Each structure stands twice: as structure tokens, then as C-alpha cells.
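Number of protein chains: 2
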Amino acid sequence: MASIKPRTLSGFMELLPAPQQQMERLMDVLRKTYASYGFTPLDTPVIEDAQILLAKGGGETEKQIYRFQKGDGDLALRFDLTVPLAKYVAMHYGELSFPFRRYQIGKVYRGERAQRGRFREFYQADIDVIGDGKLDILCEAEIPAIIYETFTALGLKRFCIRVNNRRLLSGFYEILGLSDKASDVLRTVDKLDKVGKDVVADILRDDVGLTDAQTQEILAFLSVEGGTDATLASLEKYVGKNETFDLGLSELKTVVRCLADFGVPADHFAVDLTIARGLDYYTGTVYETTLLDHPEIGSVCSGGRYDNLAEYYIDRPLPGVGISIGLTRLFYVLGEQGMLNDALVTAPADVLILPMTEDPGAAIRAAKLLRQAGLRAQLYTEQKKFKQKMSYADKLAIPYCVLLGEDELAAGKWSVKDMRSGEQQLLAPEDAVAAICAGISALDSGSVITEK
Amino acid sequence: MASIKPRTLSGFMELLPAPQQQMERLMDVLRKTYASYGFTPLDTPVIEDAQILLAKGGGETEKQIYRFQKGDGDLALRFDLTVPLAKYVAMHYGELSFPFRRYQIGKVYRGERAQRGRFREFYQADIDVIGDGKLDILCEAEIPAIIYETFTALGLKRFCIRVNNRRLLSGFYEILGLSDKASDVLRTVDKLDKVGKDVVADILRDDVGLTDAQTQEILAFLSVEGGTDATLASLEKYVGKNETFDLGLSELKTVVRCLADFGVPADHFAVDLTIARGLDYYTGTVYETTLLDHPEIGSVCSGGRYDNLAEYYIDRPLPGVGISIGLTRLFYVLGEQGMLNDALVTAPADVLILPMTEDPGAAIRAAKLLRQAGLRAQLYTEQKKFKQKMSYADKLAIPYCVLLGEDELAAGKWSVKDMRSGEQQLLAPEDAVAAICAGISALDSGSVITEK
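Sequences listed follow chains A and B, in order.
All you need for my numbering is the position in the first sequence, starting with 1, plus 107.
All you need for my numbering is the position in the second sequence, starting with 1, plus 107.
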């Protein structure tokens, strides 16, 4: 007697088989792309000592974290992949070579208020390059190339990698004599896209307490039209006034200059002086990536350069640069927008082999041949009517069936049914394998994401 | 100032980059092999409602489980992948097609006493085939083929898939009039390998309370020498006495008969009447897999046929058959035994590109060419002395370096250094790419596991 109603906790994504296949493909593209740039995969525990995860402390994190006792341990589930990386690098400092480049795709946990499209368990896909003491600007310049390759490999075309430099911002606010108000200004300016210029101006004047002149200067600084070149040109007038500003501008120019060599098209890139990201963590280049047709989603791949990865764990500056994709949310949004490519095979198998005689030997051997050709071949094992077997293949959207009855066995051939066209052919085994391979390879040639 | 000593909880595996690469390969082989048999990947939450995970109840599980409150939720971390599968199938019963074949490779949590080689967080790699109401014996017959393919693909040669049938055992004990003592007998007999015949005989007589005749009959039943055929022949004398026994024997014979068609060599297979597995869960064929040279490890891949996957969640019989590999422990043991193939590339990249001129443009473009050929190419980004750059490649065991200095740029060629042989060649880019591809493909041709 069933005694309990099965359910999955709210805020936890659990996919049916077909969308799970799409998710697997998406993760596979990320793994391959990250690996192709020399990032090594890491896998750290989901559970860590709570004291270690919370070394930095901080309000939101502490409220959202899953924390519990087990034995005499004060444990917690990781809420991001950056703190575990910091711990890992500090712990294994002597065993790693720097720059240390790692990717990690893993689940993280945040007990947020459950709401549509927000998850309490979700995948992050992170890459980071960690230096020992210093790290060249070339690392920061390479990041847009990796973002571009990643999203292109997924099938996206209409996206923009927006870049800014935190030194440039800090220097600019120092020039205006606003260093002590920089945090408030950055936080306000960050809302520019959402609330518009006038509201930002009001807040800067009324709440932050800037003069009209300062407010106008900031808005002018942020609002240059005409693309990357015009924006960079507009910054020249501040050169020579502040070392931090000059360094930031020089770094930004290096990042822009390398774009062409890295193969990032100009129309997929923009300098955006409004981007600030986290206030006290990033120190150099910062990145956001937006889908041109879906600005409401916000940034789908963000990150930046930081100076001290692991200051709570090791007395050694470990600068780095990294980006993160919130994979579960991205997948959810892509699904909502109908952007997941449904033409790709999401069936558990490429081909279903139906034994139609009592002895399944021939069917078993056929399955083996198909697997040797790299196909996913499922042997149909049940005693059912022919119609039910075909309906099974249909429901699962398995692209091909191989039927093996007395006639086929006598002729030494296979009947191959293309489930999409309904066409059925009697073929020699080697021809059947070749035909199915060609068909599957055509079906699977598309990308994970399609734009309408 | 570092304020906290970084550490990883005991009982949690956290690998350095090189062994992590080996672990990734191992998982990749499992994913590919399982998929090739038409199993679809699933990913269920790590956290579930504790009431649901513990629907079955039971002592050890309840003690070991990680259970905690969050908000008003009574939550727990999954302790295996079978209970989540049962929940999933019951919840999504109407949306799935049966037989439902899924694989899942995921972390599970058991707060066992920490000891060497025992893990509190560990990967299980499971496959299951679930039927709706019934499931053909052909599914049970296919499992040894999947085990054989999996371990062969990993590189193992010296292993044995041991098979038994629970109906056969039940029927046999019914014939002896021992149905009510079957549990005690099975538990005792399970120790035969460890404690030997005499001790088992003593326990059966003194503790379980069998007669001498019964004890002798059981030991004779279990101890037939001469392989699968001799064992099956020895069972014929019980035919016709008990229906359950006859059904079990007929199933066992079907499994054995299909082996040749499935391509499982006779010397990798044995009928072993001492195998019982869990007492109240499995009902038909049961499997264990042992490494011939490491019997002390115990079974590395086990499972069997069950009649009711999800009885606590749904009023519908869902019979199934499944096997599970304890991946983290297997990986640990293989490492201890020196059985992980160190000849495979475990570096983060196949090739490191060293720009030796101020402008990194040529190096960036070279890296792109190498990636287009499917290689993992890392651009070396730091301003360091040549010796330090080479030492970096050496430490990470990156197989190839491409050096691009003034001479190479002038000649339009690349200097390619094979880091194993020390040999350096000046090659046209297309020849360099081809040479590195060939080299990497040779280095990566071995299997994950090697036997000494």
C-alpha cells in the first residue's frame, strides 16, 4: 500500500528525460569549451565546515545557507563555487602550479524564498585563473574570447559581452573627489539600465549628496554613445590626473586591442562603464553578458578580476579572474523562451531493435553491431504486440527501429524504419548501420540553443 | 590576515587536478557505455523531503542519514540513488514510457564512521530498467553484458560476474522445509567465502537449528565445482519439487543461454549459488562482480531484480532490475592498487603556447588553430623567464609546447617541443597541428585502468 505521496521539494529542478538530455548537452558543450582553453576540471565536496564557508561572513549568505549539525560537526552546503575554490587553492597551494586554471560545474545551495524561475539547488559553471602573487592582464583579455566561444558553441548568436574596469571607475571617482562615496555612487549607477538617467540623477543628488556638477559629470561619463572606440576616446580627457584611472584605462585598452586576435567580433562586445558588479571583491576588468533579445533576463555570464582569492585562508595574495554561468536558471529561461533546440535527439537511444522471433540472438547481435558503430542501441525486451512496440518507440521519439523477423533472418538483412518519415527499407546489416549513422549525425548536427 | 585554517571534512574525497582528470575519464566511460545501451541520464536533487527518503524506514539508514531542518522543512540528503528513482518514477508515472531505462551518476551521503577508504560523500553510478507491471527476463539477461562492456571499456580484464537467482534459493529452502528459517540460512551462507565451510556448518546446526542432513544438503548444494555447466546440472535433481525453484532455474538458464549472444566470455561469468544480496528486496537474478586479483575489495558492481520499486509511493507493481557501482570507493581502491593508468594525459592542456614576443597575437591565433583541431590548448599568459615557462609545462606534464619567437614569426613556422622526448622541431603550422594531434591521440589511446 502506497503510504506517502511522492514529491520533489519546491525550488529544486528535476527534469523529465527529454529535457534532461538537453541539459546534458548544454553541460557537455561547457565542459568541452572550458577544457579546450586549458582549464582542468575540479570537484569539491558539497558539504564543508560551516566556519570555513562563512569565513568572510556577510548578511545574505548567512541567512540563505543550509547549515546543520552532524555528530559534533558544524556543517553547511556550499552556496557558490568560489569559496570552495579559495579553500582548495589555499590548502593545496604547494601542490598546484600557477597560473592555476580550473573549471567546475556543480550544484550549489541557497535557501532563497521559492519563486518561479528561482532555485534553491542550482548548477553553477565557473572558470577561474589564479595567479601566485601576480597575474597578467592577458588573462583578463582572454575571458571575452572564452565567453564568445562558449555561447557560440551553444548556438547563440545575438548576445553581447559587456566589459568595464574597476580601477578606471575608482580612479574616476577619486578624480571627482568622491572616493568616500564611491560605493553609494556605484550602487546607484548600477540601476541606470532599470530606472533611467533622471531617477539616477535624483538619487545621486538627493540621497548620495552630490553636487549638480558632479552628477552631470558622472552621467556624461557613463552615457557616451557610439560604441567602444567613442567610449575609449571620451576617457582620454581624464588621463594624467590619477594613476589608478590611467592603469585601468590602459588595461581596458589591452583587453579591447586583443579582441580581434582572440576572434571576438566587434558587434559581440561593448565597453559599458555602468557595470560595476560586486562592490568589494572585483578590482580590475569586470564582465557581464546579455542576450540582445532578452535583456529582461539580465546577465547570463558574469565575473571579473579580483586581487585576493583566499585571504581568509592564506597569507599570500592570490589574484585571479573568473566568470560564472548560473546554469539551472539559464536552462530554465531558455526553455521558457522556447530556445532549446527540439530537433536534436532527446530519446534515450538512437535506435530500437525489435526481436520478432522467439530467439533474441539475432537482435542482440544487431544491437552490438550498432553500438560498435558508436550508436546508442536499445534492445526491446518485452513480449508485446507489434503496435505497442512501435508506439513505445514513437512516444520516446527514438529515430530508428530495426525489425528482425523470420523474413529478415532468412534474408540475412534488417528492416530499418525511419520513425520520422515512416519509410522502411530492407538493408544488409552494414548498409543499415551506415544509414542510421548518417541519419543520426544529421539529426544531431544542430546546436543546443536556437534563436527564433 | 588569514584567519582560518582551510581543510576538507574527513570522509570527503577532494582530488588534485591530475587524479581528478582520471576520475573524469572513468565517469565518461560509464556515461558512454550506459548511454550506448539506451539508458537515459537522470539528475535528481541531492536534498529531498526526509519523510519521503525514509518512507521505508530501517535502522542503519536512519542513523547514517544527513537530516536537518530549514524553515519548516524536514530535509535530508539522499543516501542512495534508488529511493530518489522510486520517487521519480512514481511521481512521473504518467509521463514515462516503460520499460524505463535510466542511468544516474551522482553523489550520495552517509554519515558513517570515518575510516580509511570509507567515504561519507561518494558517487554511485546506477542503471535500472523499470517495467510497468511486468518485465521480461531478457532484461536480467542483458545486465551481465552491460557489466562486461563497462569493465572492459575501463580496461579491466581479470574480473568475474557472479550471478545467482533468488527464486531458486527460496524454492530450494522451501523444498528443505526451511522457508521460515530462510533469512537466517541466507545470512549465514553469505559468509561462506569469508569463514569457510566448517564454520558455516557449525552456525547452521548450532545457531540456526538445522539438522545434520539439512546442513549437509545445503553445503552440497552450494559447493558444486566445475563451473557453470556443472552447477546447473547439479540443480536438475530438484526439478519438479517446487514451482518457485523451477521458475528460478529456468530464469537462470535463460540468463546463461543468452551470454554468448551478448558477447560475455564464459571465463568472465560464473553461477554462484552463495550470492544472496539484500534479503527482502531482490526477487530474481542477483549480480556481484569481483576483481580476480583483488577479492579483498569485495563486489565492485552489484544489484539484481526486484518486484516493487516504489511500493511506498504508488499502488502499482513496478518491477525492475538494476546494478550499482560505488565509484568513489572503486576509484580509491584502484589508486591504492596502482591500477590507474598514469600514461594517459592528466595535464589541464594537451599543448601550451608560449608567446616569446611582445605582441601575443601570433600565439593567440596559434592557440585557436590548435583548438579547431580538437586539442586542448592553453595560452601561457605570464611574463616569466623561458626556464620558468618550461618548468610550468613540465610540472603540469603538458605533453607539447609551441614556442613562438621572432625567428618563428619571421619564418611563418612554429617550434614544437615534445616535452617527453625533449625533441624540438620547426614546423609549418598545419604540420605542427597534425603532429601534435597524432602524438596526443597515441598518448590517450590507453584505457583508464591497467592491470599489472
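Honestly, the hints are just simulated from the structure, not real lab data.
Model, not experiment: these values are computed from the prediction.
Any given hint could be a false lead.
Derived Cβ-Cβ restraints for the label pairs, each shown as a range [to be verified]: (1) A:Ala-450 <-> B:Gln-222: 48 to 54 Å; (2) B:Arg-312 <-> A:Asp-135: 56 to 62 Å; (3) A:Ala-450 <-> B:Arg-472: 29 to 35 Å; (4) A:Ala-373 <-> B:Glu-489: 43 to 49 Å.
Beta carbons are placed, not taken as given, at the ideal position from N, Cα and C, and that holds for glycine.
We went through each hint and held it up to the structure:
no.	hint	in the structure
1	A:Ala-450 <-> B:Gln-222: 48 to 54 Å	51 Å, holds
2	B:Arg-312 <-> A:Asp-135: 56 to 62 Å	58 Å, holds
3	A:Ala-450 <-> B:Arg-472: 29 to 35 Å	34 Å, holds
4	A:Ala-373 <-> B:Glu-489: 43 to 49 Å	28 Å, violated
Hint violations for this structure: number 4 only, all remaining hints satisfied.
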